[in-house]
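**Student:** Make the full structure from the sequences, and use the hints.
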Amino acid sequence: MNAMVAAALAIAFVPPAVWFTARAVEKPFQLILLSFVGYSLIGYYMFFGLFSVFQFYVILGLGVLGLNMAAGRQYSVSLQFLKQILFPMAAFLLLGALSLRIAREPAITLVYLRNYTGSLAFTFLVYQFLGNEKDLRTFFKALVLVLLANAGLGVLQAMGLSFFPATYLLPGTMSSEVDQSIAGPKPRGFYHMPFEYAKDLLFAVMPILAFMIMGYRTRWRPALFAALALGAAAIGTCEARSTQIAFVLGLLYVMFRAYQDTEKKRTVIIRSTALFAVIATALGIYIAANPYLMQRYTLGDYSMFMRIIFVTMSIAILREHWLWGIGLGNFKSVYFEYLPQIFHKVPMFSFKALQPHNVFLDIWTGGGIFMLLAYLAIFVFTFAALEQVRRRNTSRFLRILSVGFQAFLIGYLIECVFHNHIFDNNYWLLIGMSYAMLGMTPACGRERGDR
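For what it's worth, my numbering labels the leading residue of the sequence shown as 4, then goes sequentially.
I should point out that these hints are in silico values taken from the structure, not numbers from a laboratory. Don't take each hint at face value.
Pairwise CB distance ranges (calculated) [what the hints assert, rightly or not]:
{"hint": "1", "residue 1": "Ile311", "residue 2": "Phe90", "range": "33 to 39 angstroms"}
{"hint": "2", "residue 1": "Phe339", "residue 2": "Pro445", "range": "52 to 58 angstroms"}
{"hint": "3", "residue 1": "Phe386", "residue 2": "Glu136", "range": "18 to 24 angstroms"}
{"hint": "4", "residue 1": "Thr397", "residue 2": "Phe90", "range": "41 to 47 angstroms"}
{"hint": "5", "residue 1": "Arg399", "residue 2": "Arg322", "range": "49 to 55 angstroms"}
{"hint": "6", "residue 1": "Leu416", "residue 2": "Arg140", "range": "24 to 30 angstroms"}
{"hint": "7", "residue 1": "Thr397", "residue 2": "Glu340", "range": "53 to 59 angstroms"}
{"hint": "8", "residue 1": "Ala387", "residue 2": "Glu340", "range": "39 to 45 angstroms"}
{"hint": "9", "residue 1": "Ser336", "residue 2": "Arg395", "range": "46 to 52 angstroms"}
{"hint": "10", "residue 1": "Arg394", "residue 2": "Val314", "range": "35 to 41 angstroms"}
{"hint": "11", "residue 1": "Arg399", "residue 2": "Phe339", "range": "54 to 60 angstroms"}
{"hint": "12", "residue 1": "Ile318", "residue 2": "Thr141", "range": "26 to 32 angstroms"}
{"hint": "13", "residue 1": "Arg140", "residue 2": "Leu85", "range": "49 to 55 angstroms"}
Beta carbons: idealized from backbone N, C-alpha and C, even for Gly.
**Tutor:** What follows is the structure in structure tokens.
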């Protein structure tokens with residue numbers, strides 16, 4: 004019943020959303036903003052796999068794109084965008100599709116193909132509809148508001164203060180059945196899902212906010228300090244290891260750039276120290292005050308043991324299938340074939356947990372070495388594009404944003420070592436925003452004025 008209601012809501016939401024966005028051709032960022040709002044309100048888990056975020060974006064985007072093209076609006080693709088991102092993304096898509104031909108579960112093929120095409124279409128739509136700096140500024144402000152709303156609701160639920168009867172207001176990832184069986188029942192109001200989504204958004208935006216705090220004037224400074232402290236608390240509740248490492252690395256990178264770009268080096272050092280003090284204090288108090296979080300920290304040995312098993316088995320698979328892989332989605336199928344070679348007793352993990360928990364190993368074991376190289380090329384080319392924006396763009400806002408996105412990519416590489424986020428929504432969102440900024444940056448020769 005819930006799936007039918009959710010599908011009906013989604014179908015009813017699409018026509019007015021497309022009409023509303025098509026009416027505001029001069030402000031195309033509303034497409035993305037409307038998608039965020041609609042997706043957050045409807046929720047992901049209510050659909051039980053029938054409707055995903057990528058399908059939602061693609062339906063909205065293609066509908067608006069068709070209406071605007073029918074109205075005579077012209078769309079162009081920058082040569083920079085084609086050369087630097089579409090080719091590696093197309094290679095990644097093609098190799099992934101080929102690897103799915105040997106998948107043992109037909110449903111897996113549909114899910115991965117949906118995610119591949121959705122990722123490519125989503126990145127392209129963000130790139131196309133953020134056509135100028137004004138749109139990008141407005142969308143970035145909306146992103147910060149979504150970030151604060153998610154973080155606030157997540158912290159309230161973790162403290163048991165949430166009175167929301169519907170826990171699907173925000174998308175994310177629920178805790179696995181294994182965690183629930185070991186840790187026992189959660190306190191009233193605690194749900195892991197909002198933390199995951201708040202963590203992802205905070206992880207992407209916090210380095211940018213930190214850069215603005217330390218190096219530039221802003222009337223939002225007190226609010227941004229509070230947001231950073233709140234965000235650090237939300238991050239610490241769900242991932243005590245990898246996300247904190249990635250966040251700190253990204254923040255250090257941003258502070259290093261701020262130290263280079265400003266004459267007030269003493270001010271940068273003082274603000275950086277104060278920032279870390281606020282984060283550490285808030286994090287320590289928050290974790291110590293929540294018994295469930297302390298209980299989760301005691302599960303560290305279990306979590307690490309699980310990752311050691313999956314990594315060891317992935318290495319065993321790569322010894323035999325390093326070139327073409329075993330086919331994406333087949334990790335569960337071969338789990339019990341390879342595990343007895345490593346351990347005498349097969350641990351009974353939840354079937355949901357049967358994945359490498361490492362993006363690079365997941366892609367390599369599933370799609371082979373060439374698919375892994377294509378995925379890494381997306382990182383390299385995106386970072387290079389952001390460097391072009393930082394060096395050549397005259398807009399201070401775009402330069403700040405480019406440094407923050409570079410920090411995100413560095414941190415995301417660390418996150419990929421500990422978790423499986425091949426189709427992470429925020430990752431593909433920031434890729435589209437990065438190349439939108441590149442299209443706003445003056446270029447040389449025939450590429451000038453492509454957008």
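**Student:** Now tell me if each hint is right for this structure.
**Tutor:** Outcome of the hint check:
1. Ile311 with Phe90: 33 to 39 angstroms: holds (37 angstroms)
2. Phe339 with Pro445: 52 to 58 angstroms: holds (57 angstroms)
3. Phe386 with Glu136: 18 to 24 angstroms: holds (21 angstroms)
4. Thr397 with Phe90: 41 to 47 angstroms: violated (28 angstroms)
5. Arg399 with Arg322: 49 to 55 angstroms: Between Arg399 and Arg322, where Cβ atoms are some 51 angstroms apart, the hint holds.
6. Leu416 with Arg140: 24 to 30 angstroms: holds (27 angstroms)
7. Thr397 with Glu340: 53 to 59 angstroms: For Glu340 against Thr397, whose Cβ atoms are near 58 angstroms apart, the range 53 to 59 angstroms holds.
8. Ala387 with Glu340: 39 to 45 angstroms: Roughly 41 angstroms apart at Cβ, these two residues keep to the hinted range, so it holds.
9. Ser336 with Arg395: 46 to 52 angstroms: holds (49 angstroms)
10. Arg394 with Val314: 35 to 41 angstroms: holds (38 angstroms)
11. Arg399 with Phe339: 54 to 60 angstroms: Because 56 angstroms falls inside the window, the suggested range holds.
12. Ile318 with Thr141: 26 to 32 angstroms: Given about 47 angstroms between the Cβ atoms, the range is violated.
13. Arg140 with Leu85: 49 to 55 angstroms: violated (26 angstroms)
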